[in-house]
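Produce the complete structure using the sequences and hints provided.
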Amino acid sequence: MEQLVYKKPDSIKDDFKISFCPGCDHGTAVKLVAEVLDELGVRENTIGIASVGCSVFSYDFFNVDIVEAPHGRSMAVATGVKRSKPDKIVFTYQGDGDLASIGIGETVHAMTRGEKVTAICINNTTYGMTGGQAGPTTLIGQVTTTTTKGRKAELSGYPLKISEMLKEIDGTAYVARVTLDSPAAIMNAKKCIKKAFEAQIKGLGTGFVEILSTCPTNWKMTPQEAHARVRGEMSEVFKPGVYKDKVSEAQ
Amino acid sequence: MKREKQLLKGNYAIAQAAIEAGCQSYFGYPITPQSEIGEYMSEKMPELNRAYVAAESEVAAINMVLGAGSTGVKAMTSSSSCAVALMQEGLSFIAGDEIPCVLVSVMRGGPGLGYIYPSQGDYYQATKGGGNGDYKIVTYAPSSVQECVDLTYKCFYVSQKYRTPVCLLADGMIGQTMEPAVINEYPYEEINQSEWALDGAKNRKPRFIASIEREQESLRKRVVKIFEKYNKILENENIFEKYETEGAKLVITAFGSIARIAKAAVKKARKNGLKVGLFRPIMVNPFPEKIVAEIAQKVDGILDIELNCGQMLQDIKASIASCATTIPVKFYGRPAGVMMTVEEIYKQIENVYKEIVEKKYGTACI
Amino acid sequence: MGRIVLNRDKCKACYLCIDACPKKVLGKDKTVNALGYYPAAVEKQEDCIGCAMCARVCPDIAIEKVYK
Numbered sequence: 066m067e068q069l070v071y072k073k074p075d076s077i078k079d080d081f082k083i084s085f086c087p088g089c090d091h092g093t094a095v096k097l098v099a100e101v102l103d104e105l106g107v108r109e110n111t112i113g114i115a116s117v118g119c120s121v122f123s124y125d126f127f128n129v130d131i132v133e134a135p136h137g138r139s140m141a142v143a144t145g146v147k148r149s150k151p152d153k154i155v156f157t158y159q160g161d162g163d164l165a166s167i168g169i170g171e172t173v174h175a176m177t178r179g180e181k182v183t184a185i186c187i188n189n190t191t192y193g194m195t196g197g198q199a200g201p202t203t204l205i206g207q208v209t210t211t212t213t214k215g216r217k218a219e220l221s222g223y224p225l226k227i228s229e230m231l232k233e234i235d236g237t238a239y240v241a242r243v244t245l246d247s248p249a250a251i252m253n254a255k256k257c258i259k260k261a262f263e264a265q266i267k268g269l270g271t272g273f274v275e276i277l278s279t280c281p282t283n284w285k286m287t288p289q290e291a292h293a294r295v296r297g298e299m300s301e302v303f304k305p306g307v308y309k310d311k312v313s314e315a316q
Numbered sequence: 279m280k281r282e283k284q285l286l287k288g289n290y291a292i293a294q295a296a297i298e299a300g301c302q303s304y305f306g307y308p309i310t311p312q313s314e315i316g317e318y319m320s321e322k323m324p325e326l327n328r329a330y331v332a333a334e335s336e337v338a339a340i341n342m343v344l345g346a347g348s349t350g351v352k353a354m355t356s357s358s359s360c361a362v363a364l365m366q367e368g369l370s371f372i373a374g375d376e377i378p379c380v381l382v383s384v385m386r387g388g389p390g391l392g393y394i395y396p397s398q399g400d401y402y403q404a405t406k407g408g409g410n411g412d413y414k415i416v417t418y419a420p421s422s423v424q425e426c427v428d429l430t431y432k433c434f435y436v437s438q439k440y441r442t443p444v445c446l447l448a449d450g451m452i453g454q455t456m457e458p459a460v461i462n463e464y465p466y467e468e469i470n471q472s473e474w475a476l477d478g479a480k481n482r483k484p485r486f487i488a489s490i491e492r493e494q495e496s497l498r499k500r501v502v503k504i505f506e507k508y509n510k511i512l513e514n515e516n517i518f519e520k521y522e523t524e525g526a527k528l529v530i531t532a533f534g535s536i537a538r539i540a541k542a543a544v545k546k547a548r549k550n551g552l553k554v555g556l557f558r559p560i561m562v563n564p565f566p567e568k569i570v571a572e573i574a575q576k577v578d579g580i581l582d583i584e585l586n587c588g589q590m591l592q593d594i595k596a597s598i599a600s601c602a603t604t605i606p607v608k609f610y611g612r613p614a615g616v617m618m619t620v621e622e623i624y625k626q627i628e629n630v631y632k633e634i635v636e637k638k639y640g641t642a643c644i
Numbered sequence: 416m417g418r419i420v421l422n423r424d425k426c427k428a429c430y431l432c433i434d435a436c437p438k439k440v441l442g443k444d445k446t447v448n449a450l451g452y453y454p455a456a457v458e459k460q461e462d463c464i465g466c467a468m469c470a471r472v473c474p475d476i477a478i479e480k481v482y483k
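Chains as they are written, first to last, in my numbering: chain U, 66 to 316; chain L, 279 to 644; chain P, 416 to 483.
Source of the hints: derived by calculation from the structure; they are not laboratory data. Some hints could be false.
[As the list claims (entries may be wrong)] With a straight-line cut-off of 27 Å between C-alpha atoms, the simulated DSS-like cross-links for lysine-lysine are: (1) U:Lys267 <-> L:Lys480; (2) P:Lys438 <-> U:Lys78; (3) U:Lys153 <-> L:Lys322; (4) L:Lys439 <-> U:Lys153; (5) U:Lys72 <-> P:Lys483; (6) L:Lys499 <-> U:Lys78; (7) U:Lys82 <-> L:Lys480; (8) U:Lys285 <-> P:Lys445; (9) U:Lys153 <-> L:Lys480; (10) L:Lys322 <-> L:Lys287; (11) U:Lys256 <-> P:Lys438; (12) L:Lys541 <-> L:Lys520; (13) U:Lys72 <-> L:Lys480; (14) U:Lys256 <-> L:Lys480; (15) P:Lys443 <-> U:Lys82; (16) P:Lys443 <-> U:Lys285; (17) L:Lys483 <-> U:Lys78.
Take a look at the structure:
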């Protein structure tokens with residue numbers, strides 16, 4: 066008898082449209098969030114926050130209630146939703162420009178308050194939707210449309226290490242940085258995303274997962290080359306791992 | 279239950295009325311002259327098991343309001359001038375999202391940091407908006423502590439009924455004035471928000487609240503729909519005060535705090551035989567153009583008085599132009615600083631009256 | 416034996432599934448799909464072990480179901 070081992074998660078709409086470029090890790094990240102919502106059985110009790118950037122089209126695929134936040138303000142919007150409806154599961158889906166540049170204030174302070182929400186951050190070292198400009202996480206030497214000779218620290222500073230920074234905040238309960246460059250990495254990422262939701266569900270504080278992701282279009286690489294970059298120079302600067310885990314400690 | 283009159287400060291009246299109106303979520307950041315509102319809410323909201331968050335900035339506060347409002351609860355923030363400026367992006371989104379919420383704006387004198395003196399320098403900010411796109415912030419301007427209560431109720435009701443951000447536009451004088459007022463019961467019906475608000479997609483399709491519209495035609499339709507709402511609000515929710523406008527030759531236009539001083543000056547003018555009236559728009563946005571036009575057709579001149587360099591003045595002029603009347607419109611204003619006295623306004627009335635009315639009819643008409 | 420349900424019109428031809436498959440079941444289609452890509456295609460169905468690695472790495476959820 067044939068046994069179903071994988072299916073599109075229910076938290077992805079039946080008439081979904083993945084609006085990302087070919088080979089972009091965004092799609093995989095979205096799918097993992099949806100799988101976790103399915104597994105936790107919270108789809109019908111969830112409110113997602115869509116941010117500005119490539120993640121703005123969340124309503125094309127997420128099969129949950131969604132409210133759109135202005136650029137960078139997702140964690141403030143999430144705060145408003147969660148404080149008004151504390152029994153709801155609330156998550157943000159943001160890029161690194163949204164969460165760590167224009168929205169770093171909202172991010173840090175929502176986490177300082179220990180808001181019981183989950184933040185998923187796609188770190189692809191560039192502003193994807195606007196065409197590949199340098200962002201807060203652009204690596205030293207990285208060529209972008211605004212660092213055409215490579216990012217120079219003396220001119221535009223250093224890449225912001227988001228997870229290392231957020232783990233220091235007392236209100237975060239779970240902080241992890243993951244990659245999606247192999248089936249094993251994807252399975253691990255899902256485990257971490259689940260923990261970040263459990264941090265919220267158990268009322269321990271903010272759950273946060275930074276996903277090192279590819280942007281093949283703006284990096285001008287094949288999806289395969291882009292994954293090699295994640296494994297290589299990106300992982301050297303942004304070391305993957307679990308930075309804080311009050312969820313396991315609480316068990 | 280009969281409610282007692284209390285000696286109340288404007289800011290506390292607003293806060294108490296918000297609670298009475300059923301405000302479920304308050305988010306704010308301190309700024310004088312409205313900080314008492316946040317202080318009061320920080321104490322009372324948790325006691326009532328409602329949400330209070332000391333936001334890290336006004337940018338965050340208005341976006342918390344956006345999130346709270348998207349769940350259908352009565353949500354509110356309060357702020358002032360340069361800090362309301364920080365909220366403009368959020369307000370544009372909220373208007374585009376069609377999310378109900380209340381903003382209390384207690385004006386300082388500006389521009390920039392300015393100072394905390396009574397001023398009406400943010401009439402443009404409230405009614406013309408600093409945010410992007412085609413939208414309006416429905417705005418009510420109280421001129422007494424009692425109106426702080428009544429209009430806070432009105433703001434919540436209109437915001438909930440029409441799913442739109444509504445602003446209570448006060449100033450340092452109104453916010454800080456203490457006078458007797460009654461916190462009446464919230465007089466409006468509760469509006470059911472369950473047809474659109476977010477509460478988890480249980481046994482229904484997921485909902486999406488956003489201002490983004492990728493199709494040209496749907497973006498156009500959305501803006502048209504929002505503007506139809508403003509027309510309905512003007513038709514159904516407009517409030518104003520007309521004082522002695524019948525038979526008046528000169529009408530004073532003023533709103534908010536200065537209108538009450540202007541009213542005292544008008545009373546004095548009437549006592550002295552001058553045919554002067556007062557028109558005070560209480561809803562200043564959308565602007566009651568037709569009513570001003572009707573008045574303009576019956577008088578010989580208008581004297582607009584504001585605590586700024588002439589902001590509502592432009593709406594008055596546009597209203598008069600709309601009915602092709604060419605009566606003179608005079609302006610007496612003073613930007614942030616010293617409040618005008620009754621005597622001072624009376625002198626202006628007298629001067630303008632001489633210039634316009636007596637010139638036309640001779641002194642006999644006095 | 417496993418079985419993959421691949422919606423060829425959702426595929427954007429990143430071919431991450433081809434790399435992920437331990438049994439080299441997948442290849443590239445010779446005709447374009449509705450999106451204008453040459454999608455991935457199941458070439459050696461009989462070798463599929465139903466591990467679902469292809470579905471897990473597919474960013475477009477074009478591999479909708481996997482049976483074992």
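* Sort out whether U:Lys153 lies within 27 Å of L:Lys439, counting only the CA atoms. => With Cα atoms ~25 Å apart, L:Lys439 and U:Lys153 stay inside 27 Å; holds.
* Asked: Are the Cα positions of L:Lys483 and U:Lys78 separated by 27 Å at most?
  -> Cα-Cα ~9 Å, so holds.
* Holds or violated: are the alpha carbons of P:Lys443 and U:Lys82 at most 27 Å from each other? -> Given that 27 Å is the threshold and the Cα spacing comes to 22 Å, the pair holds.
* To do: Mind checking the alpha carbons of U:Lys285 and P:Lys445 for me, to see if they're no more than 27 Å apart?
  => Cα-Cα ~25 Å, so holds.
* **Hinted pair P:Lys438 and U:Lys78, Cα distance within 27 Å** => violated (30 Å)
* Asked: Within a Cα-Cα threshold of 27 Å, do U:Lys72 and L:Lys480 meet the stated pairing?
  -> Holds, at roughly 21 Å.
* Please work out if U:Lys267 and L:Lys480 have their alpha carbons no farther apart than 27 Å. => Given that 27 Å is the threshold and the Cα spacing comes to 22 Å, the pair holds.
* Asked: Between U:Lys153 and L:Lys480, does the CA-CA distance stay at or below 27 Å?
  -> Since the Cα atoms of U:Lys153 and L:Lys480 sit roughly 12 Å apart, the hinted pair holds (cutoff 27 Å).
* Taking only the CA atoms, is the gap from P:Lys443 to U:Lys285 under or equal to 27 Å? -> holds (22 Å)
* Can the restraint linking L:Lys499 and U:Lys78 be considered satisfied, given a maximum Cα separation of 27 Å? -> Holds. L:Lys499 to U:Lys78 sits at ~26 Å (cutoff 27 Å).
* To do: With a cut-off of 27 Å on the C-alpha distance, tell me whether L:Lys322 and L:Lys287 pass.
  => Distance of about 16 Å is within 27 Å: holds.
* Within a Cα-Cα threshold of 27 Å, do L:Lys541 and L:Lys520 meet the stated pairing? -> holds (10 Å)
Checked against the numbered hints above, the structure violates only hint 2.
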